[in-house]
Amino acid sequence: MTNQENAKIELKLDHVYKSFAKKEGKEILNVIEDINETFHGGEFVAIVGQSGCGKSTLLRMIAGFIPVTEGSITVNGAKVIGTDPNRGMVFQKPTLFPWLTVQQNIEFTFKMRGILKENSEKVKDMLNLIGLYEFRNEFPSQLSGGMAQRVALARTIINQPDILLLDEPLSALDAFTRMNMQDEVLGLWQMRPQLAIMVTHEIEEAIYMGTKVLVMDKNPGKVQKLISIDMEYPRNRSSNKFVEYRNEILETLHFGVKEEA
Amino acid sequence: MKEDTTTQNKLTFEQLLEKEQKEKTKKDKVLDFLVCCLPILMGIIAILEYLYVPNFGNFKNLSPNTYITFIIILIAAYTAVFVVSLFLKKKNLYNKVISKAPITAAIFAAFITYDLLTLKSNKLLYPFFPWFNDILNAMKGDAAFLWECTLSTLKLLFYGYFFGAAIGFVTGIICGYSKKAKYWIDPIIKLLGPIPTATWIPLVMVIASTLYKGCVFIVALGVWFAVTTATMTGIESIEKSYFEAGQNLGCNTRQLVFRIAIPAAVPSIFQGLTQGMSSACVSLMVAEMIGVESGLGWYIVWAKAWANYGKMYASLIIICIIFTVVTQALAYIKRYVLRWQEGMVR
Ligand SMILES: Nc1ncnc2c1ncn2[C@@H]1O[C@H](COP(=O)(O)OP(=O)(O)OP(=O)(O)O)[C@@H](O)[C@H]1O
Ligand SMILES: [Mg+2]
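Going down the list, the protein sequences come from chains X and F.
In terms of the working numbering, the first sequence is residues 1 to 261.
In terms of the working numbering, the second sequence is residues 1001 to 1346.
These are computed hints drawn from the structure, not numbers from a lab.
Keep in mind that this is a model prediction, so the values were computed, not measured.
For the chain F half of the interface with chain X, some residues (derived, Cβ under 8 Å), not all of them:
#1 Y1242
#2 E1244
#3 A1245
#4 Q1247
#5 N1248
#6 L1249
#7 G1250
#8 C1251
#9 Q1255
#10 R1259
#11 P1263
#12 V1266
#13 W1340
#14 Q1341
#15 E1342
We put the beta carbon where it would ideally sit given N, CA and C, even for glycine.
I would like the entire structure built from these sequences, with the hints used as guidance.
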C-alpha cells in the first residue's frame, strides 16, 4: 500500500516551543512546550487534547502560518518557512470561497499556480470522487455542511500534499454525516498514503482513524503520550481492543474509567 | 459517496414553482386574467375622461392629441407584452404581468386624477401645475435642446461617477491593505466625509480651470468618498481564514489581493457604489443648478426663470427617468455579480 516516494516523507518536530505575547500587559503565554516527535509518510496521526492546549497552534506551525518560538520543524531536512501547497491544511470551518463555484474552488490551487490546463482531468475526477460532479456549478451557499466540507477536503487534497493537516475537519457535522466522512477521509488518505495529521476532540474518532494518537497536555501544551493504534482498517468501534484504547486515552487525560460498564 | 448526485427528477425551475404553488382554481385563473385587463380598461377611461370632461374655464389646450397619443402608446406597449405573455409556453412573463398589472392600472388612474385636478378643474393652480398634455407639448417642442441637455447631464454623471469610483476603488484597496496609507488618508475622509460635496461648488467655481471639470470633480468627490470607505471596510473585515486558505493553496501576494481580497470585498464595494450613485445624483443636480450652464438641472432653473413651468416639469420627468434607470441598472449588475451570496440565489 505504501508508496515508495511517500514513505520517504519525514516531518521532524525538534524541541518545538511556542509562546504568544498577550495583548494586554507584557505577559507571555507559553502554549507549546518541548514537542519532540518525528512522523513519516503513510502515518495518520490523530491529536486529542483539551480545548486550548495548543492543538491548532501546533498544526498552524507545521502549515507555516506562524513561526516557532524555539526549536525547529523540518520536512525531509528542510526547515518549514511560510506556507506551501505541499503542506495542505483543511480548516475547521469550511473556508470555501463563496464567490467561486464548487469546481472553481477545487481548481483554485491549479489556477493560482498556472497549471490548470494540464490538470483539468484531475479536477473532473476529484468532482466525481467526492460525488459532487452534478453540483460543480453551484455556489457554496447552496451546499449542505457535509458537501461543503467534502469540497474543502477535495480542494486541499487535489494538490496531493505530502503532509495533510486537518484541524477538526469534521466537528461541524452531525453524527451520521461525520461517520460517513471519517471513512471518506480515510479512503482519500489511503489512496495516496501521505502523512496526515488530524486534530479532533473526539477520542473515538481518533482511535477509529489514526495509526497513532497523540494525547496532548494543557498549560503548556506538550505531548503526554503517543499511542500506536494497532488495528486493521476498517475498525470496529465496539471491539474490545477499541474500547481498551479508549480507556487508555481517557485515563491519560485524567478521566476515570469508573463510569464504564 | 455518490448519494448526492442522483437528481432523480429533472424538473425545470418553472415546473418546480408550479408544483409547489397551490393549485390555481378556475376562478383564480379568470380573476388573474381580469386583473391583467385592468390597465387597458383604465387607459381607455383616461382617454375618455380627457376627451369628454369639459376643460376648466377658458383653458386653451393646444395640440390636444399629444396626450392621447402618449396614453395610446402606453396602452399598446402594455397590451403587446400582455398578449405575448399569453402565448408563451413559459409562464414567467405572464406571472410578471399579473403582478405588475395593478400598479400599471394605478399609474393610469394617477394620470386621470392629475388631469381632473389641472386641466378640468384648476384645483392645482395654473401655471404652476400645467396639465400633462402641456408638459408633453413642451417636451416635444423643445426636444432637440432637451436632448442636448440630457446628453450633457449623462456625460457629467458618467465622468464623475467613473473617475470617483475608479479612484475610490484603488484608494480603498490600498488603505484596506496598508496601515501607512490609511494613516494618511483616513483623516482626509474623517474630515471631509461628513461635508456634503455640494459645499465645495463655490470654491471649485473659483479655482477650477473650467467649470465643467470642476463639476466632474464635485460629482467624483462624493463617489470617491463612498467607494473608498466601503472598499476599505470591506477589505478590513474579510475573514482572515480566507487569506490563510489562499496562502495554503499557493497564492502569491498579488493573487491574494486580486483573487481573494477583492472578490471577498465585492459586496461591500457594491454598497459603496450604490451609495456613491445617490450621492452623485445629488451633487450633479446641485452642480448643474448653481454651476455649469448646461444639463437638465440648469434647464430647470432656466425654465423656471422664464416661468415656463411646462418645460420645467419636462426636464424634471427626464431627470426622474435617468436616475431611475441608472439606479436600476446598478442594482441589476449587483444582483448578477453577487449571485453567489446567500439569499441571493433565486
Ligand atoms: N494568535 C494568538 N495570539 C495569542 N494567543 C493565542 C493565539 N493563538 C492561540 N493562542 C492561545 O494559545 C492557546 C492554544 O490555542 P489553540 O487554538 O492552539 O488551542 P486548541 O488546542 O486548538 O483548542 P480548541 O480545541 O479549542 O480548538 C490558547 O490559550 C489561545 O488563547
Ligand atoms: Mg483548535
